[in-house]
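J.: Chains as they are written, first to last, in this note's numbering: chain A, 1 to 96; chain B, 1 to 96.
Note that these hints are calculated values from the structure, not bench results.
It is possible that part of the hints are untrue.
Remember, identical chains collapse to one label, so a pair may be satisfied in a single copy or spanning two.
Claimed, not checked - Here are the simulated EDC-like cross-link-like pairs (lysine to aspartate or glutamate), alpha carbons at most 20 Å apart as the crow flies: (1) K86 x D65; (2) K58 x E26; (3) K40 x E12; (4) K81 x D51; (5) K40 x E26; (6) K86 x E26.
Protein chains: 2
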Amino acid sequence: MSRMHNPPHPGEVLREWLPEGMTVTEAANALGLSRVTLSKILNTHAGITADTALRLAKWLGTSADLWIGMQGQYDLWQAAKKPRPKIRPIVAKLAA
Amino acid sequence: MSRMHNPPHPGEVLREWLPEGMTVTEAANALGLSRVTLSKILNTHAGITADTALRLAKWLGTSADLWIGMQGQYDLWQAAKKPRPKIRPIVAKLAA
DNA sequence: GGGAAGTGTAAAGTATTAATTAACGCTTAA
DNA sequence: TTAAGCGTTAATTAATACTTTACACTTCCC
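Using the sequences and the hints given, assemble the complete structure.
T.: This is the structure in structure tokens:
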């Protein structure tokens with residue numbers, strides 16, 4: 001089902017992965033990103049791209065999937081908040 | 001693990017969900033998208049956004065997750081093909 | 001033959017978003 | 001007081017999705 005309400009922004013989660021005492025500047029350098037870009041992500045002002053997910057995976061030893069999946073959940077949740085035209089289900093699913 | 005090599009573009013998969021005989025034009029109308037946009041998706045010339053995933057979910061009775069996840073896998077695979085600076089793992093994970 | 005419908009694609013325009021570098025003001029620690 | 005780190009803004013560049021309009025092509029049907 002993959003239910004989840006109000007999934008966290010990936011940046012919040014990434015925060016928890018940064019080793020104690022590591023500066024944002026250091027992390028940005030390690031990832032080959034600018035300090036501004038990483039700061040934006042960590043403060044939920046930018047999202048994680050496929051490219052960034054791959055960098056995080058290499059750096060942290062996680063799957064890239066983890067990050068891209070998290071971003072997807074977040075995006076879906078945000079998009080669901082916005083108005084959208086009513087869409088009629090293609091067929092009334094008749095089970096019985 | 002979520003391993004997958006060469007994951008299909010979501011548009012290819014969407015193709016299979018369209019009922020026999022339904023025209024692209026009809027499907028686009030049902031989804032509230034322009035014909036051009038849907039055609040691009042089906043021909044793998046555009047991706048599926050969170051908004052589009054929600055429309056597909058409503059229309060087809062699937063989860064939105066399915067589509068956004070598929071797009072994520074596709075994006076990751078494409079991104080992985082491109083060059084990226086070498087990134088040193090943060091710590092050599094010493095298990096023993 | 002000739003029209004109508006459906007399709008793929010291209011072009012032009014709008015909007016969003018991620019990325020960069022440079023710069024500013026703030027806080028904290030030496 | 002200086003230096004480092006941080007968050008944030010601004011200006012720029014680059015993608016990408018989406019729209020409408022338009023064109024060329026095929027297929028089907030009279």
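J.: For this structure, which hints from the list above don't hold up?
T.: none
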